[in-house]
Amino acid sequence: MANSSSTTTNIPAVATRRVVLGIKEAADLEEPELPSESMPLNMGPSHPAMHGTVRMVMEVEGEKITSADVQVGYLHRCFEKESENATYTQIFPYTDRLNYVSPMLNNVGYALAVERLLDIHDKVPERAQYIRIIVGEISRICDHLTCLGAGAMELGAFTPFLYNLKFREWFWELLEEISGARLTHSYVRIGGVSADMPEGWGDKVLDVIRRGREVLVEVDKLLTRNRIFRDRMDGIGIITKHDCTQYGITGPMARSAGLAYDVRKDHPYIGYDRFDFDVPIGAVGDNFDRFAVRVEEMHQSMRIIEQALEQVKPGPVLLADPRIVLPPKTETYNSIEAMIAHFKLIMDGIRVPAGEVYSFTEGGNGELGFYIVSDGTGRPWKCRVRPPSFANTAILPKLLVGLFLADVVPTFGMVNMIGGECDR
Amino acid sequence: MAQIILDRLKHAFAGGEIIETGSQHGNEWARIRPDAWAQVALFLRDDPATQLDMFVDLTCVDRYGREPRFDVVLHLYSVDRKHRVRLYAGVSEDDPTIATLVPVWAGADWFEREAFDLYGVRFLGHPDLRRILMYPEFVGHPLRKDYPKEKRQPLVRRESGKVD
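For the record, the sequence lines run as chains C and B.
Per our numbering, the first sequence starts with residue -13, numbered consecutively.
Per our numbering, the second sequence starts with residue 46, numbered consecutively.
FYI, nobody ran anything at the bench for these hints, they're computed from the structure.
It is possible that some hints are incorrect.
[Claimed, not checked] With a straight-line Cα cutoff of 16 angstroms, these simulated EDC-like cross-link-like pairs (lysine to aspartate or glutamate) come out:
{"no.": "1", "chain 1": "B", "residue 1": "Lys194", "chain 2": "C", "residue 2": "Glu66"}
{"no.": "2", "chain 1": "B", "residue 1": "Lys194", "chain 2": "C", "residue 2": "Glu163"}
{"no.": "3", "chain 1": "C", "residue 1": "Lys330", "chain 2": "C", "residue 2": "Asp307"}
{"no.": "4", "chain 1": "C", "residue 1": "Lys227", "chain 2": "B", "residue 2": "Asp140"}
{"no.": "5", "chain 1": "B", "residue 1": "Lys190", "chain 2": "C", "residue 2": "Glu68"}
{"no.": "6", "chain 1": "B", "residue 1": "Lys190", "chain 2": "B", "residue 2": "Glu112"}
{"no.": "7", "chain 1": "B", "residue 1": "Lys127", "chain 2": "B", "residue 2": "Asp173"}
{"no.": "8", "chain 1": "C", "residue 1": "Lys227", "chain 2": "B", "residue 2": "Asp125"}
{"no.": "9", "chain 1": "C", "residue 1": "Lys299", "chain 2": "C", "residue 2": "Glu112"}
{"no.": "10", "chain 1": "B", "residue 1": "Lys190", "chain 2": "C", "residue 2": "Glu70"}
{"no.": "11", "chain 1": "C", "residue 1": "Lys384", "chain 2": "B", "residue 2": "Asp191"}
{"no.": "12", "chain 1": "C", "residue 1": "Lys299", "chain 2": "C", "residue 2": "Asp182"}
{"no.": "13", "chain 1": "C", "residue 1": "Lys251", "chain 2": "B", "residue 2": "Asp125"}
{"no.": "14", "chain 1": "C", "residue 1": "Lys251", "chain 2": "C", "residue 2": "Asp264"}
{"no.": "15", "chain 1": "B", "residue 1": "Lys196", "chain 2": "C", "residue 2": "Glu49"}
{"no.": "16", "chain 1": "B", "residue 1": "Lys194", "chain 2": "C", "residue 2": "Glu70"}
{"no.": "17", "chain 1": "B", "residue 1": "Lys127", "chain 2": "C", "residue 2": "Asp252"}
{"no.": "18", "chain 1": "C", "residue 1": "Lys67", "chain 2": "B", "residue 2": "Asp191"}
{"no.": "19", "chain 1": "C", "residue 1": "Lys67", "chain 2": "B", "residue 2": "Glu195"}
{"no.": "20", "chain 1": "B", "residue 1": "Lys190", "chain 2": "C", "residue 2": "Glu66"}
{"no.": "21", "chain 1": "B", "residue 1": "Lys190", "chain 2": "C", "residue 2": "Asp361"}
{"no.": "22", "chain 1": "C", "residue 1": "Lys190", "chain 2": "C", "residue 2": "Glu162"}
{"no.": "23", "chain 1": "C", "residue 1": "Lys190", "chain 2": "C", "residue 2": "Glu163"}
{"no.": "24", "chain 1": "C", "residue 1": "Lys152", "chain 2": "C", "residue 2": "Glu112"}
Full structure from sequences and hints, please.
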């Protein structure tokens, strides 16, 4: 080395070494002038880690989020405008597509609102109410399974996602059996449900619940004490009870913050007061609490289904009122009176007396409200959905500030914004 | 069920701020004079007898052909007392403005943006009143009854930069 340095005198020894080996001096690494201004960062609307079609324009300083603008509306499908031009029965398929992970709950929520307007809410056959509860709770389990599975997958845990979807598929097969459609059921009718439970269906539900509990144990083993999962969930995205009332946050998200508000418990409808079930609440209000509350709610929903299947008695599943319910098909085709009734109901729709009602049920993500204004015709003057996802998502701009960029994914996943319901 | 709310309202606002109250299908409602809108909301939130602390829903109804044409509709709920109420405030077509409720409930932000977007009611004092469900280039307010259902506004960039 000493020789070479004496012969090639033009290049200093240190500089040669750096060029040849690519080694940097420690002094060079410490760049005192890093750009210090914050950077705008755009996530979505179509992003692999986004839980739906939503856009977030964030301002980041390094990895820290300093401001966030959450832009929804990409899935707006004019639910209200279409509903104002549809008969009350025609709106059911639209409600399926609000929260497309738990369509049965939307069906039930909407049917109850119209039944309140018609003043038949206490005349609907008991068996229909039981079936509504059973399919509704199945839908709720499916909703939570999807939320938790996808949430875990977005954090890199792919197996629980597959397990959860396997479980969900068992339930969807049963919902397909009872309603004829796998995803958008349109099963509930004003005055009851469209068809009775098939023979032996209840036993199949019980069997799925038995197998499903094993799946939940497996998923629990994979996630609940998983260090990576916990590190990304614990203490992140904390909301308080005050936040919940300020923003109108309901459902599992509010319960995770300790606000024990569950419509099924506080304002029992269609006979939820007949069942023994608990409302789980969280202590911290962070992402993990939202996860844990949903897991427990699935267990509680299974309890409700089991009790309902035990209590349900044979009987009609649809109200016998020719002004509201279509006549049986055999009569429609064989008698002129039934044919006329059928025609009138299809063309004019159900005549709902003028009035206004706000009816609310416990949806998959919180209080699902329907505010319907009727002008006495067969089509609603206004059919407003109070979407739980919309209110729950509205806190995100506040919630994300101060978090790291990587925390957006679990936080957004556990808020469980459902685009169809949020944007309508 | 929630008659106490209406009684408290009538008691606290005797100067004609409460135009009408009633109850239908188990929902209690009150019609508020629009200039007292935020004041009544704040009262209902903080009054120990009503405690309507939870913001539930805010929307509009287009009563086409009636004057004032629009109703701003607010739903509130009390977590502790488990009762709720619906409030209306009439807003005219010529001057569709009303005070914002964002200082009372932060969650009113998005709901008021939606009401502005779909009905064109402007909320005075709202921190960020822009469209939320429709795109910024959209012209008009689609849930108004005089907006035709069949009307299309495709979002296509034209040479002129205008959308017809």
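Against the structure, the hints:
no. : hint                : in the structure
1   : B:Lys194 x C:Glu66  : 11 angstroms, holds
2   : B:Lys194 x C:Glu163 : 36 angstroms, violated
3   : C:Lys330 x C:Asp307 : 14 angstroms, holds
4   : C:Lys227 x B:Asp140 : 37 angstroms, violated
5   : B:Lys190 x C:Glu68  : 12 angstroms, holds
6   : B:Lys190 x B:Glu112 : 14 angstroms, holds
7   : B:Lys127 x B:Asp173 : 32 angstroms, violated
8   : C:Lys227 x B:Asp125 : 12 angstroms, holds
9   : C:Lys299 x C:Glu112 : 8 angstroms, holds
10  : B:Lys190 x C:Glu70  : 9 angstroms, holds
11  : C:Lys384 x B:Asp191 : 36 angstroms, violated
12  : C:Lys299 x C:Asp182 : 12 angstroms, holds
13  : C:Lys251 x B:Asp125 : 14 angstroms, holds
14  : C:Lys251 x C:Asp264 : 9 angstroms, holds
15  : B:Lys196 x C:Glu49  : 44 angstroms, violated
16  : B:Lys194 x C:Glu70  : 10 angstroms, holds
17  : B:Lys127 x C:Asp252 : 7 angstroms, holds
18  : C:Lys67 x B:Asp191  : 11 angstroms, holds
19  : C:Lys67 x B:Glu195  : 10 angstroms, holds
20  : B:Lys190 x C:Glu66  : 11 angstroms, holds
21  : B:Lys190 x C:Asp361 : 14 angstroms, holds
22  : C:Lys190 x C:Glu162 : 13 angstroms, holds
23  : C:Lys190 x C:Glu163 : 11 angstroms, holds
24  : C:Lys152 x C:Glu112 : 32 angstroms, violated
When the structure is compared with the earlier hints, violations turn up for hints 2, 4, 7, 11, 15, 24 and for no others.
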